[in-house]
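Whenever a hint applies, use it, and build me the whole structure from the sequences.
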Amino acid sequence: AYDFITKPFDPDHLLLIIKRAIAERNIAKENLIMKKEFQRFLAVPETVGISKAWDEVMEKVKKVAPLKTTVLILGESGTGKELVARAIHHMSPRSKEPFIAVNCAAIPKDLIENEIFGHEKGAFTGAAELKPGRFELADRGTIFLDEIGDMEMPLQTRLLRILQENEFVRVGGTKTIKVDARVIAASNKDLEKEVSEGRFREDLFYRLNVFPIIIPPLRERREDIIPLARHFVSLFAKEMNKPEPSISSEVENMLLSREWKGNVRELKNIIERAVILCEGQTLMPEHFSFGENSFHEKIASDAPLHAIAESAARSAEKAQIAEALKKTHGNKSRAAEILKVSYKTLLNKIKKYRIS
3 AYDFITKPFD PDHLLLIIKR AIAERNIAKE NLIMKKEFQR FLAVPETVGI SKAWDEVMEK
63 VKKVAPLKTT VLILGESGTG KELVARAIHH MSPRSKEPFI AVNCAAIPKD LIENEIFGHE
123 KGAFTGAAEL KPGRFELADR GTIFLDEIGD MEMPLQTRLL RILQENEFVR VGGTKTIKVD
183 ARVIAASNKD LEKEVSEGRF REDLFYRLNV FPIIIPPLRE RREDIIPLAR HFVSLFAKEM
243 NKPEPSISSE VENMLLSREW KGNVRELKNI IERAVILCEG QTLMPEHFSF GENSFHEKIA
303 SDAPLHAIAE SAARSAEKAQ IAEALKKTHG NKSRAAEILK VSYKTLLNKI KKYRIS
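Using my numbering, read the sequence shown as starting at 3 and increasing by one per residue.
Since the hints were made in silico from the structure, they are not lab data.
This one's a predicted model, so the numbers in the text were calculated from it and none came from an experiment.
Honestly, I wouldn't trust all of these hints.
[Claimed, not checked] Cβ pair distances, simulated, as ranges: (1) 216 with 157: 23 to 31 angstroms; (2) 340 with 157: 48 to 56 angstroms; (3) 222 with 358: 43 to 51 angstroms; (4) 281 with 168: 30 to 38 angstroms; (5) 194 with 340: 53 to 61 angstroms; (6) 178 with 61: 53 to 61 angstroms; (7) 111 with 284: 45 to 53 angstroms; (8) 191 with 244: 34 to 42 angstroms; (9) 180 with 105: 41 to 49 angstroms; (10) 333 with 244: 28 to 36 angstroms; (11) 221 with 278: 22 to 30 angstroms; (12) 204 with 261: 28 to 36 angstroms; (13) 333 with 168: 26 to 34 angstroms.
[Claimed, not checked] Below, simulated BS3-like cross-link-like pairs (lysine-lysine); rule was C-alpha separation at most 25 angstroms, straight line: (14) 334 with 351; (15) 98 with 111; (16) 351 with 328; (17) 353 with 54; (18) 354 with 320; (19) 111 with 191.
From the three backbone atoms N, C-alpha and C, an ideal C-beta is built for every residue, glycine too.
Okay, structure coming up:
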């Protein structure tokens, strides 16, 4: 049974129970889909990232996941802040409970308070029935407040009370509701600067910033670009029921040379489009285009990018060789098989990059 009621029962209370049951069932379905996708993502070792920067992020995730500690995830748009939040949730004792994501920047300012805290029947014109908010639905689970830096001051004050007292009041209500929800917040803004300029509460910042995790932009962890690209190629090929194409060396150089202002999200979207366009066995430069100029044209017209691409390619190759040797416990023959190169080529590469 989801809940119980006693006679004589309050119709509004019964309606609330039904609404919460339906909402939590829908959330459970969504979380199951996301959990399977998340596990599929992490099931491929290379998609976790081979860079030291990403390893450091995941180490922090593993340390904080078992705790109830509030986490603040900072990083540019598209770096994977929600992925990290979901990783924390799915590695925590709350993994079987709801994970509720709220994008504070996407919800209209006049609706966000109602969305987060819910409202009582008759709280405002059009509030014909009681509605539970996101915090209520996240009880016993995790609530992820994305783009927290866009939250208005009055709402920040209400959020602070939840963090301090673990309780809130619905819009238009007087009854205090207790809630046990772990809070994970994220922002692409410099919140310390927002505090100094009076746009973000200092006390709320310190409440949220108990355990900060900073995700570096993709351009600062170029070793992860090709492994991520390969993962997305595999993912979309399966979704489209197409043979999985390989990535040409020319395309790899293109990917490594790009600035990736949209980070992992941009890379994912570009790979999806390329897989759709590809009819052969290999992704080629003509499958990629960015606005008016193709990727190929950009590199051809911008000589310094070749140097950037070559340097990034060398770093990625060195990291991949080191990873293969680590997985095979130093067995060079097996590592050469994994890397699909000859034993002699591998020895030369090890010598070239001075890999111990």
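Hint by hint, here is what the structure shows:
no.: 1; hint: 216 with 157: 23 to 31 angstroms; result: holds (25 angstroms)
no.: 2; hint: 340 with 157: 48 to 56 angstroms; result: holds (51 angstroms)
no.: 3; hint: 222 with 358: 43 to 51 angstroms; result: violated (25 angstroms)
no.: 4; hint: 281 with 168: 30 to 38 angstroms; result: violated (56 angstroms)
no.: 5; hint: 194 with 340: 53 to 61 angstroms; result: violated (44 angstroms)
no.: 6; hint: 178 with 61: 53 to 61 angstroms; result: violated (39 angstroms)
no.: 7; hint: 111 with 284: 45 to 53 angstroms; result: holds (48 angstroms)
no.: 8; hint: 191 with 244: 34 to 42 angstroms; result: holds (40 angstroms)
no.: 9; hint: 180 with 105: 41 to 49 angstroms; result: violated (26 angstroms)
no.: 10; hint: 333 with 244: 28 to 36 angstroms; result: holds (34 angstroms)
no.: 11; hint: 221 with 278: 22 to 30 angstroms; result: holds (25 angstroms)
no.: 12; hint: 204 with 261: 28 to 36 angstroms; result: holds (34 angstroms)
no.: 13; hint: 333 with 168: 26 to 34 angstroms; result: violated (53 angstroms)
no.: 14; hint: 334 with 351; result: holds (11 angstroms)
no.: 15; hint: 98 with 111; result: violated (31 angstroms)
no.: 16; hint: 351 with 328; result: holds (15 angstroms)
no.: 17; hint: 353 with 54; result: holds (22 angstroms)
no.: 18; hint: 354 with 320; result: holds (9 angstroms)
no.: 19; hint: 111 with 191; result: holds (18 angstroms)
Against the hints set out earlier in the document, violations occur for numbers 3, 4, 5, 6, 9, 13, 15.
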